[in-house]
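Enquirer: The lines below spell out each chain.
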Amino acid sequence: MSVRVRQAKRRFETPGVAIEAIAPAPLIRFRQVGLDIGGRTIIDGVSLDIRGGEVVCVVGPSGCGKTTLLRMIAGFVQPTAGTVTFNGQPTAAPRPDVAIVFQDYGKALLPWRTAAGNVALALEAIGLPKPQRPARIAELLALLGLGGHADKYPAAMSGGMQQRLQIARALAQEPTVLLMDEPFGALDAMTRQHLQDELLRIVTDRGITVFFVTHDLEEAIYLADRVIGLAPNPGRVAREFDIGLARPRDQLATIEHPDFLRLRRALFEFIKAAES
Amino acid sequence: MSVSRLAWIAASALVFCVIVAAWQQAADARVFSPVFFPGPDRIWSALHRGWTQGDLAARTATTLGHMLVGWLLASVVGVALGAVIGLSPLASAYLKPTLELLRPLPASATIPVAIALLGLGESMVLAVIAFGAVWPMLVGTMHGVQSVEPRLLEVAHALGMPRRRVIRDIALPSAIPDILAGLRLSLTVALILTAVTEMMAGGDGLGAAILDAGRLMRSANVFAGVAILGLIGMAGAMLLSILEARCLRWRLAS
Ligand SMILES: Nc1ncnc2c1ncn2[C@@H]1O[C@H](COP(=O)(O)OP(=O)(O)OP(=O)(O)O)[C@@H](O)[C@H]1O
Ligand SMILES: [Mg+2]
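Same order as they appear, the protein sequences are chains H and D.
First residue of the first sequence: 100, per the numbering used here; consecutive thereafter.
First residue of the second sequence: 3, per the numbering used here; consecutive thereafter.
Just so you know, the hints here were simulated from the structure itself, not pulled from any lab data.
Quick caveat, the model's predicted, so the values are computed rather than measured.
Virtual Cβ for every residue (Gly too), placed ideally from N, Cα, C.
Among the clues, some could well be false.
To give an idea of the chain D side of the interface with chain H (calculated C-beta under 10 Å), a few residues [said to hold, decoys possible]:
hint, residue
1, P152
2, R153
3, V157
4, A158
5, A160
6, G162
7, M163
8, R167
9, I169
10, D171
11, P175
12, R251
13, W252
14, L254
Just chain D, same shape as in the assembly (with noise of 0.2 Å):
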């Protein structure tokens, strides 16, 4: 790692100190009520009772398990219909509109719809994370693979690679940084939505944590699993931005 990187982690976690610090002060000379607005510390014992005594590790792993699941089947399907409609010309012709009309839909206002054919089981839950979470994907791989370098098409035409061969070996992999950008977008998508479903539906989730404890006016409660939402979003773009150097590796030019 270079000095400047460091530099600029020094700088940035400096930066994060001071507002945390500024924070306790505001709290500490009582500028708002602490009723709405814990300090830093009362945040931070929240999180600690709330790990070690109360069911916030298993409210997390839940809320974890819904993301995951939902981004993962979000991205297979995705990335599956992504590649069809960018490739066929048939199967743009017939799914494009209809996915036209679905594509503006605000997630959140499918749940309402969700929860009439699902019930408010799991598969409700997933059914709109993955819903919200496909789209970023699948534009994404469409627009990747409608945007192959034409030459190499002639390439491959030239070696007469069968067409299997040419969505495998040229078409896909010359979409990944497009995957990886719908990848990262649908992940922010499905940790909101993640939230949002919990929220609505109820269950032993953070979404449902937040909000109970909204309603019992118990701030610092809220702020813990906020808290935890936001560290969630931030390891999951670390992870990806890892995944994205090591399969971009070729972009680089040493």
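Extracted from the complex, chain H is given alone in its bound form (with noise of 0.2 Å):
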């Protein structure tokens, strides 16, 4: 590790590569990533680089490794085929500043555990002192819009907000990547758009990386600054797709523009290319 950043600092140094320096080296790079399980190919020849502070869309039909790709930045599945680096190390193993939220909220959440207690839990595996954590509980909670709900238990709250809380914890985790795996597919149209447009504020200000997995086409155009469109058997990247839409985004007036429109046609070919 040392010798790569001695290598960055000297070619920083050196004038003639200056520019090579200044941009930025991908914050997630899958390069020709493969995944064979039970001699059955998963995944084959996926490369991919996603940028620090961009959110990244995947969609692509049930069963092309969606949640195989999330699961590999997260350090829970590896590899078996090329790499997937993280700042430039092998994701070996879960780490706190890559937070996952998971699309079963109720699974997701200590049911024994207050909605204050849940973001603690977080809060002690970060190793923040006892003292500072109220303070950063009622912050958080706040910011999700649960201010009045600290001493709820999950049985006692919405979908929604089980999900909101869910987020929270994630954030109490202070990541610089959040993996979130059809978060608002459980969830009613309105408390979707709710939340969709809560996330992009609060990572836009974070400037946290967003690694978003979705069957819903226009919720993919709507937050993504890209989405990858996967084909299945194996499971590769088919197609990415540049989203130019201004920020921020909204609900009316993105989702009537004419570039979105255009987007949507497009990906719903694709999906429809993809899925015969």
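Build the complex from these two chains, which are given one at a time in their own frames, with help from the hints.
Expert: See the structure below:
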């Protein structure tokens, strides 16, 4: 590692290659990644660069490997070919600055802990001293609109509130990367729109990099800087869509924008082709 | 407390009164010989006499002590062993066969063995009770820590929680419902074994008193002893219900 740092420094100091050093290296990099399980190829030849602060959405037919790619970044799954790196380091194990928001919020929260207690779990894990926790908890719950619900147990909260709580807990880790696997899939349309906007506001504010898996093509376009389209059998990157839509996004103006409609058509056609 | 709950309590109290009244009628009509079948009036006076003049209160205290200490021993050992076996495949591999062999043994059959090993004293009584009552706790805890929601283990893994904290903050709390169910079952077992052991080993508990009263054909005293055992069981179950309601508050949807 120290060798690499030294090399990077030297490169930075050499005038001839200054440009190369200024262009930011990708935060997350898939290089020719493959995964075989029991003789079956699940992922094949995936190469993908994700820059710091970028919001990347992943779409593709069911079973094409979206969750598997996310779990590789998380360090839960190791590729059998190629490498997945985070800041240049292989993602060998989970790390506190990479937070995950699961789709099944009902299972991902500790039912015997209150909203505050669930956020505290992450604060305990990153080792925040106890006296500083209450203020952090209050701040995070307020950020997600759960200010008045600190003492509620998950069972007493709606689905939208539970998912907000899970996001609050993920943010408590002070992550540089947020991995989200269909986080809003089980929510009603209104709640989903609210949470999309809140998510964008928070991650833009904090410069968090987002890897967001979804089935909802409009959601993908609305949130993303870039949408990755996967094709199945084996899972591979089939197309990338650059979403040039202005930020901040708006549930009316963005969605009615001609570019949005054009992207939506392209994405629909891509998915239809990928599924057939 | 809601109106319907009050109504339920009133109804069950009424049923109890009807049964006692019918029993009194049957006893007064001498349906069975009064030597074997005392009415509630005679049982009540036996209770009253035993409590105020005799040693019934002291014997009840002894029996309660046996049951509670035995049950507590069983709980501590059961939860600890259950957690270890449930969480460690290695411990499970080493310990499970032995435990599977011991588990089906009827606890009452171990009393003679315990007497041979430990004599007739307190330690024997407590050992028998704890041995019999440990299984529901052990099995409950084992099952509880093994059936942790896998998603929660992933959450813990993602947070980089050390194993010790995963056990304390995830595995054990998620086993609480099973542990409580185990506590309840083993309390019943502990009470049964307390009575049986006291009957077999003598001493100054209720079990020996009931047996002695039976031998002397003092049926009212037998029933009085049995009634106290019943009350102990009921009180224990009620206290556990309160504990359960407190511990499982998070399950309620409001
Ligand atoms: N541990 C595993 N063992 C065997 N096969 C697996 C394993 N994990 C994933 N797979 C297979 O890999 C493929 C991709 O799974 P993955 O869950 O990543 O798909 P997905 O794109 O997230 O699907 P969905 O949209 O339904 O969530 C599937 O065919 C799945 O059966
Ligand atoms: Mg998936």
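Enquirer: Please go over all the hints and tell whether each is borne out by the structure.
Expert: Against the structure, the hints come out as follows:
no.	hint	result
1	P152	holds (8 Å)
2	R153	holds (4 Å)
3	V157	holds (6 Å)
4	A158	holds (8 Å)
5	A160	holds (5 Å)
6	G162	holds (6 Å)
7	M163	holds (6 Å)
8	R167	holds (8 Å)
9	I169	violated (14 Å)
10	D171	holds (7 Å)
11	P175	holds (5 Å)
12	R251	holds (7 Å)
13	W252	holds (4 Å)
14	L254	holds (7 Å)
Hint 9 alone, counting from the list given before, is not met by this structure.
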